[in-house]
Amino acid sequence: MLFGKRDKRDAFERQAEKVFPSVFGTALRLTRSREEAEDLAQEAIVRAYEAFDRFDGSNFKAWMLRIVTNLYINKYRQRQRGPQLGSLDEEGVIEPMAAESEVPDRVLFDNTVGAEIEDALSKVPIDFRLAVLLSDIEGMSYQEIADATDVPIGTVRSRLARGRSMLRKALTEYALQEGYLKKGASND
Amino acid sequence: MIDPLQLHAYVDGELTAEEKVTLDAEILNDQAAQQELASIQSLKVFLAEKVPSVECKSEWKDCVGRLKEIDKTRHVEGIVGRYAWALCGAFFCMIVVGGVARRGAGDRVQSDDLAQMALSFRGSNRPAVVPGEDKALQQLLHNAAISVAPGNIRVLSAARGTLNDRPAVKLCLRDAKGDMALMMIQAQMGFEDLQSMEGQPPMYAGKLGDLNCVAWVEEGRSFVLIGERDATGLHEVASRIKIQ
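Protein chains in written order, with the working numbering: chain A, 98 to 285; chain B, 2 to 245.
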């Protein structure tokens, strides 16, 4: 019995260790606080360990990210007060990203460093940020994101498009502030 | 006009083969869509490549420690859970066996209990009998159903009351060697930590605080004789006290 438990923990640890950077990174980008991210990630690991018998064996990373996202939505967001910017913009028109691209992608992206990306990400409202994080950083499919965030696929598509547009805008503003882009720069 | 959501789905590989072919054809004739598609792709590649990885080795160690603790806790809970009924059963059996043994042996008292009982002796409101008031004394002794062998022992006083909520009589006695107290309790008691002595009825000797005592049971009553002399001396006096 004891050996069985030990084997189970070993199996869980082997899989969890591989995906932990994604779990912790997502937690950090959601909470924007290392301390809270540590609590969130640890709680997610404990929940996952307790439910490991029920894991269907298909995609461990998606399953873990689903747990951490659900935990964040259920627990941490309840603490937040005030209106959620994300929900206010949910039904708005999706602005094409290229239309605002007086700023050339190459210049913008080549000059942006990691810390600036994190700052720009933090400016995107949480629902949209979550969709971008799970899709573009963690490589989850629409269906997996829909399961993780408990919204329909249509909402995921819409949030993702809007989130990317907001992120690009934030990156552009950052670049303009820093001075390596000038207003009116062409796409050539 | 191409739906921008379709372009995002195209980049994310979320279109069916059929949808993809259709969209490819539409994009060919739409420069704005081509630009938009390129922009989405650039951002996606940019995020995948440039978002920094997070250092989290110490956090992972903490998680592993937590998992170990969980396993330990579960292990202990498992043992307690598995044997809870057995532990409860054993405890219950101990209580039952103890109760039966106590019932079989009657009241058992420790010497400390006896001392406590002697100290907490609650006399009746009647005044203690003064020597010489033979009638009252005889009546009291009669009620106590004992008599002290005449001779060298004098009854200084007697009082009735309760000991541990049982009817009891206390006699203060005196002989040539000094004073003693005789407690008679209307109940058969066991004397837990007193030493057994030879004689009939069986007697027990021990200490009540600083004083020696001998105790015995006779005719369903318990007697305790306390005095400032050794057990043999008390035993000798006790053997001279006869129940009427």
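Careful: at least some of the hints might be erroneous.
Unchecked claim - With a straight-line cut-off of 27 Å between C-alpha atoms, the simulated DSS-like cross-links for lysine-lysine are: (1) B:LYS51 with A:LYS115; (2) A:LYS158 with B:LYS208; (3) A:LYS105 with A:LYS115; (4) A:LYS158 with B:LYS45; (5) A:LYS105 with B:LYS62; (6) A:LYS172 with A:LYS158; (7) A:LYS115 with B:LYS21; (8) B:LYS69 with A:LYS158; (9) A:LYS158 with B:LYS62; (10) A:LYS220 with A:LYS172; (11) B:LYS45 with A:LYS266; (12) A:LYS172 with A:LYS115; (13) A:LYS158 with A:LYS115; (14) B:LYS73 with B:LYS62; (15) A:LYS115 with B:LYS73; (16) A:LYS105 with B:LYS51.
Simulated from the structure, these hints should not be mistaken for lab results.
To see whether the hints hold, each was checked on the structure:
no.	hint	verdict
1	B:LYS51 with A:LYS115	holds (20 Å)
2	A:LYS158 with B:LYS208	violated (77 Å)
3	A:LYS105 with A:LYS115	holds (16 Å)
4	A:LYS158 with B:LYS45	holds (20 Å)
5	A:LYS105 with B:LYS62	holds (18 Å)
6	A:LYS172 with A:LYS158	holds (21 Å)
7	A:LYS115 with B:LYS21	violated (34 Å)
8	B:LYS69 with A:LYS158	holds (22 Å)
9	A:LYS158 with B:LYS62	holds (19 Å)
10	A:LYS220 with A:LYS172	holds (21 Å)
11	B:LYS45 with A:LYS266	holds (14 Å)
12	A:LYS172 with A:LYS115	holds (25 Å)
13	A:LYS158 with A:LYS115	holds (9 Å)
14	B:LYS73 with B:LYS62	holds (17 Å)
15	A:LYS115 with B:LYS73	holds (24 Å)
16	A:LYS105 with B:LYS51	violated (36 Å)
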